[in-house]
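In the order they appear, the protein sequences are chains A and B.
For the first sequence, this note's numbering gives the first residue as 3, with consecutive numbering after it.
For the second sequence, this note's numbering gives the first residue as 3, with consecutive numbering after it.
Derived by calculation from the structure, the hints in this document are not laboratory data.
Here the structure is a predicted model, which means the values were calculated and not measured.
Just so you know, not all the hints are guaranteed correct.
In this list, chains with the same sequence are indistinguishable; a pair is considered to hold if it fits within one copy or across any two.
[Stated by the list, open to error] Using 25 Å as the maximum straight-line C-alpha spacing, the simulated BS3-like pairs for lysine-lysine come out as follows:
(1) LYS255 / LYS285
(2) LYS285 / LYS86
(3) LYS285 / LYS387
(4) LYS128 / LYS363
Protein chains: 2
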Amino acid sequence: MSKTLAGNAVIGQSGGPTAVINQSLVGCIEGLRGCDAIGRILGAHHAVRGMVENDFIDLTDVPQDRLDRIANTPSSALGSSRDKPDEAYCQKIFERFAENDVRYFFYIGGNDSSDTARIVNETARKEGYELRAFHIPKTIDNDLECNDHTPGFPSAAKFVAQALMGDQLDNAALPGIKIDVIMGRHAGFLTAASMMARTRDGDGPHLIYVPEVAFDLGRFAADVDRVYSQRGRCIVAVSEGIHDVEGTPIATKLAGNVERDAHGNVQLSGTGALGDHLAAHVKDCLGAKLRVRADTFGYLQRSFAGCVSEVDQREARAAGRKAAELAVEGEEHGSIAIVRTSDDPYSAELQRIELTDVAAKTRTLPTDVIIDGCDIDPSYRRYFKPLLGGLPAIEQF
Amino acid sequence: MSKTLAGNAVIGQSGGPTAVINQSLVGCIEGLRGCDAIGRILGAHHAVRGMVENDFIDLTDVPQDRLDRIANTPSSALGSSRDKPDEAYCQKIFERFAENDVRYFFYIGGNDSSDTARIVNETARKEGYELRAFHIPKTIDNDLECNDHTPGFPSAAKFVAQALMGDQLDNAALPGIKIDVIMGRHAGFLTAASMMARTRDGDGPHLIYVPEVAFDLGRFAADVDRVYSQRGRCIVAVSEGIHDVEGTPIATKLAGNVERDAHGNVQLSGTGALGDHLAAHVKDCLGAKLRVRADTFGYLQRSFAGCVSEVDQREARAAGRKAAELAVEGEEHGSIAIVRTSDDPYSAELQRIELTDVAAKTRTLPTDVIIDGCDIDPSYRRYFKPLLGGLPAIEQF
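With these hints in hand, go ahead and build the complete structure from the sequences.
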């Protein structure tokens, strides 16, 4: 602790891109630049893959104005990867780290990525290689333990809210049943944020389904029928990760040839299958003549250029800077957590936590905010409100 | 011509909503308000359906600040309809118009809607009913004859450009093959606007397919293979309306139970089927292990809250006002066309055209800007640039 460790630094960006992951990259660079002990600041091209292939982008002397433009650009400027390093993979990483005199390692990502940072850190200790290893949080799923919320989530939630604001007005103009499929494998935070689209009584989404509770196709059709009978329209927000009572994802049940990534995750995004199936199910149950439509928001949620939360930008930058500062000050490893201290006026602080506190763990939506399995308690708006910031003004006759 | 006609006015909004259709509504109200001959200004609730069911919203005294907020709200504030009036339907409309002393009729919509305005106008003349009937252009498809572009298109095109800007960065970070399905049944303007996402050489979309040329599944796989082999990634923008050499939409070929609206149009939006089929086709041809994803932008393109072109807002408002002014000045019928007079600096003027100039006709993308059936000539950026206005700044390593 606190002794000076001379060497180079490597920063990587892993997992799914977000609107603000480059803010964390730039914050980390800024936090390292003031330290004489740091030699070169290297960006790993495509995350762990760049580390093993010795494919680095030298970030040491990138001018500040260019860094500022990078910070404001969505998606991962260094490139990303979904590789999950095993011991052999980590062995190669260390050979490259040794070759490049890397003593500082920062990995920006979600729970899979924090687990990678944990493995790399533990392998370093086992090998007697002195390394400071930090995870910097990032995930639109908002599912990291110990965090009030995670960088990337507020911007994605703002996209979802703005999409539903427009879509529920569209549905009011041309009434029918509309199903919007929103990202979220295990955590329903992003889908729940659709509630922020409501500006007055009767506004959609009228039904919200999250993966925290079991989804039943029969119950779903009955819910839609009830809302449609009452309002002449129904707009549904549903997580891609909804599953039945046995825990089998509804999307998996439908897919003939299920694709899995290196982490064993089934492909949920980049396909409209779940939405189309739910729409067909509603028609089967309630009538083929009904106007039923489904949209799957897909990758637009995480990287749409020009839809970003200012709080998210600021916090993502600060989280990157905080990790760098802790490492420079002598902390050997850890992750950064955002802890909210007040709703209104909003305030939050950044705290160091252990890598093992977040690694490979999944935080989910508090179940007490889920109403009857098909809505979110209105009081939960207080959670989302400061994160999203200003939303477009809506006026209706 | 020019004689004063006393009576009430009805305004309707038809077809698919847009981000600026309420600008045209408010512009029309503003254009009518100065005229003493106009009694009540009535908004037809759900378009022609409201007209036959005597379901009107009184707009005469809505305060200006509320009108301004309505103008800035996406989707159709009066509600819309896809009904296509036949003679019996029109007969009912006239009974209601007579009951309500309606002498001014404004219908905001696309080519189906301009045809409705034409039928209503011709029936009025046949029935000896003195009516001033105007069509106010609106369609994200940009497919109205005599118009350089149509209100609603620039904002939808801006959404498509911003979506592709983010998505092509996402695809650069996690390389693979990505297919984005964009609205456009017969006209490829909106899909072509995806070219504006490119900020430097190598940026996607790498392939652009529009309905103006026949689409061949074999040729498509070969195009993707060529780009993917060269760049290690490939991002495709494709119109929902692509069809084979016989003119059969690719989406129709796939659908078991094809749904049609009252105009005989096949359902293309509100389903991810086309994108999923194209993705499966690429895997079949190029390898099941490839990372292939598809997103269908769906209704977000036309009503996403918070993504709007300023030129579009201004022109949509002006088009509504122009129609009202022409009617008040004594013109009996017509439509409004936007005619561009200069690219840079951009300027355009509004002209009166005949209803028969636009009714039920479809303008398509000039075929000479389509390169090899799979791209758009870079020089065509000059067409889109002033319409979209400022786009988010992008910086890449």
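We went through each hint and held it up to the structure:
no.	hint	result
1	LYS255 / LYS285	both (19 Å within a copy, 21 Å between copies)
2	LYS285 / LYS86	between (41 Å within a copy, 24 Å between copies)
3	LYS285 / LYS387	neither (35 Å within a copy, 42 Å between copies)
4	LYS128 / LYS363	within (23 Å within a copy, 73 Å between copies)
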